[in-house]
Amino acid sequence: MANRIQINKEFIDIMPQDYLDLVDSGTFENPNRGWKDFGTATELIAEHSLCAGCPESIAFRHIMASIPNPEDTVMVGSTGCTSLVFPMIAVHNIHSLFGNQNAIATGLKRALAVRFPDRVKDVIVLAGDGATVDIGLDMTLQSWFRKERFTTICFDNELYANTGGQESGLMQKGFLAKMAPVGKRFEKVRLPEIARESGCDYVAIMTASKPSLVEKVIKQAVLIAREIGPTYVQIYTPCILEIGKQSMEGLQEMRTSEAPGERFKFREFISPEAQSFLDGLAEKKKAEKIAATT
Amino acid sequence: MATQTDSRVPQIGQRNKKGQLVTDPNELFFLSPRTSSFLTGSEVIREAIRRASVDFSVAYPITPQSEASSLVGELYAEGYVGDYMRGESEFAVMGQCAGAAFGGARVFTTTAGPGTLRAFENFPMWAGSRLPIQVVFTVRGINSPLTIQPDTLEIAFMLETGMLLWHAESAQDLFDYMLKGYYVAEQPEVHLPIGVICDGFFVTHTKDMVMMTPEDRTLPHYDPYRSPVVCMDMEVPPVRMMRDPFVMKSNYISYMTHASWQLEIRAAIERSRKHTVPLLDGLIDVENPDAEIMLISSGTAVSQAREAIRLFRARGEKVGLIKIKTLRPFPTEEIRKATEHAKHIFVPEFNVAGWLAREIKSTIDRNHRVVAGPHVAGGMTMPPEIIVEEIEKHMAHRRNKELVHG
Ligand SMILES: Cc1ncc(C[n+]2csc(CCOP(=O)(O)OP(=O)(O)O)c2C)c(N)n1
Ligand code: SF4
Ligand SMILES: [Mg+2]
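The listed protein sequences derive, respectively, from chains A and D. First residue of the first sequence? That's 299 in this note's numbering, and the numbers climb one at a time after it. First residue of the second sequence? That's 3 in this note's numbering, and the numbers climb one at a time after it.
So that you can see chain A by itself, here it is in the shape it has in the complex:
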């Protein structure tokens, strides 16, 4: 059982089972936590009210299983389908307005740095493409220009899902949608490239089809943000409702879209500083392994 996550014995009989489970078998303070804990540990994400089969929910589960330091992580969301999940997440998280998530995270990260100068407190933003790229773009970019030390995750479903499927900046050109009555007239905004140019030390674009890849990317993104500079992860989480897919078709849609030459083929950018930091981590891990076996 973790040390920091405890329950006052007097409360055991009145707290909900879910809380007791989190204390007993939540994966707090476990440096080796990951998606393989599914089925044996209490997940940080409980049920949600997304559409059945919505890939956002699986992406969310993979991410929550992967964050390296949940006992000291605060998340920032925005308005949109993702915010239907946040109330069920067992780390502190903030919803305030639509599109201001990177401004909130900026103040939050700085406040935590002032209040806890000797401790690690990770901040992670998770918001939709409308929030990240359209209404919140200035705050997204400005936080990167300023090299704010937190991770920005964008759930890219290429439209405004929560308001019923309107055109967004990350929508593909030509797509017919509400508010794009003759098809979207301009290209999908190239935010990963913009992120790299704007000062992100780590950028990844991917789908949520492979839990092990999500785990690797999220861990790297959070650790680099903690030590080096801002990081950005864009994950395709197709809105099956708006693109006319069935509940069980989300995974295939993600796989199709990450094939070679497709728009969500896995790509990664790692700045030289971030790379040498990752190399250092890998070396340390190797040394630990050797020490453990000899």
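Just so you know, these hints were derived from the structure itself, not from any lab. One should not assume that every hint holds.
[As the list claims (entries may be wrong)] Which residues of chain A face chain D? A few of them, derived with a C-beta cut under 10 Å, are:
1) R302
2) K334
3) F336
4) T338
5) M386
6) N391
7) I392
8) L395
9) N398
10) A401
11) A409
12) M437
13) Q440
14) Q464
Glycine included, each C-beta is placed from N, C-alpha and C at the ideal position.
For this one, chain A is given, so just place chain D with the ligands on it according to the hints.
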């Protein structure tokens, strides 16, 4: 768990890293020796923040607060403020302030006019999220046409945001309201954002004598765990806790949740009274309480009204004055009582809308007694003679009417 008693946070009686003695608020306000200084309003803002143990401040330039917010930056460079940055727009600034307050910091910012309106969506969010952020509004006109001149119209927009709003008449008020404002706003039963308002240029850019508390004494640090809502720092995990869950997908209770929370915010504003009344010596001040003609005002219009009273007194006529110190909570009962006997009530204002007159009309009985004026707007000054003239004009009109309709 990091708490107020955390060894890193200096407690009352201890010194902070700048050598300032952390002082009990009431002792700081009322017992510590005060010395007078001749300062601009912008410098007064700096001096109040020097004594306020502020953790985080965000700045964005707009006249007439640019100087004050850059002076706060100098305080940060000197080590008096925990962290400081320039935001990218007022909307972002108020989000950055919110993020820091969610994370348990005492936060300060300033803005004015177009900045206030650019930031607007944030203010009800602050109140709804119970973030005791302090913003000084150095009020100025709102576009269009573009103006940088003093004008209090923006206050009308702020009235229903759920924030505490105190309106300083002078640099002295500004200094006191800023320090006392943190104390009231952070009370657990209040825990709301506070707008300390001063009139741009008239207060920010003029020099005045201000009685100040000692430079080497400061307010106790904000304790984010003395709060009606959870601080988002993961010091009390692992409850499934979102700040602040919105209610759209639970239609059975969403309207009730929203409505009751909104009512609670209004109730919290009212609960601030009991902390504010002793600190500000009441929510209003009254001069010549028995006069038949009463002037009611807030901000620098009070000073102009006081001059007008002096002109009347020189002629042997008695006119009264009510100075409103807090617009939220609105001193409804106090104004009702103080105007009970009044026959004519004038409300001088520095804006085109006459929002204060409207507030007063909606609170007192026999509200035909209220004359919404005189008004000036867009940076015009309000010489006391204008107030005298308005009153005389009105009284002459009344006399004529009485003669005709007798
Ligand atoms: C200021 C403001 N403008 C518009 C909205 C309406 N709104 C709510 S969610 C949303 C779309 C969210 O889209 P996205 O960020 O892509 O998230 P998704 O729902 O697709 O996951 C919009 C436009 C709002 N809540 N606030
Ligand atoms: S509307 Fe689309 S994105 Fe939102 S929950 Fe349903 S499938 Fe998922
Ligand atoms: Mg979307």
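Going down the list of hints, with the structure as the test:
At a threshold of 10 Å, the smallest CB-CB gap from R302 (chain A) to chain D is about 8 Å, leaving the interface hint in force. A distance limit of 10 Å between C-beta atoms decides the matter here; for K334 (chain A) the minimum to chain D is near 20 Å, and the interface restraint is violated. This hint is violated: F336 (chain A) has a C-beta 18 Å from the nearest C-beta of chain D, more than the 10 Å allowed. The beta carbon of T338 (chain A) is not positioned within 10 Å of any beta carbon in chain D (closest approach about 17 Å), and the interface hint is therefore violated.
Hint on M386 (chain A) holds. Least Cβ distance to chain D is approximately 6 Å, under the 10 Å limit. With 10 Å as the threshold, the beta carbon of N391 (chain A) comes within range of chain D, its nearest partner Cβ sitting at about 5 Å, so the hint holds. This hint holds: I392 (chain A) has a C-beta 5 Å from the nearest C-beta of chain D, less than the 10 Å allowed. The criterion of a C-beta within 10 Å of any C-beta in chain D is met by L395 (chain A), whose closest approach is roughly 6 Å, and the hint holds.
Here the hint on N398 (chain A) is kept, as its CB sits about 4 Å from the closest CB of chain D, short of 10 Å. About 3 Å separates the beta-carbon of A401 (chain A) from the nearest beta-carbon of chain D, less than 10 Å, and the hint is met. Of the supplied interface hints, the one on A409 (chain A) holds, with its beta-carbon coming within about 3 Å of a beta-carbon of chain D, less than 10 Å. The criterion of a C-beta within 10 Å of any C-beta in chain D is met by M437 (chain A), whose closest approach is roughly 5 Å, and the hint holds.
Here the hint on Q440 (chain A) is kept, as its CB sits about 4 Å from the closest CB of chain D, short of 10 Å. Contact between Q464 (chain A) and chain D, as hinted, is not supported at the beta carbon level, the nearest pair being about 17 Å apart and thus beyond 10 Å.
Violation of the numbered hints given earlier is confined to hints 2, 3, 4 and 14; the remaining hints are satisfied by the structure.
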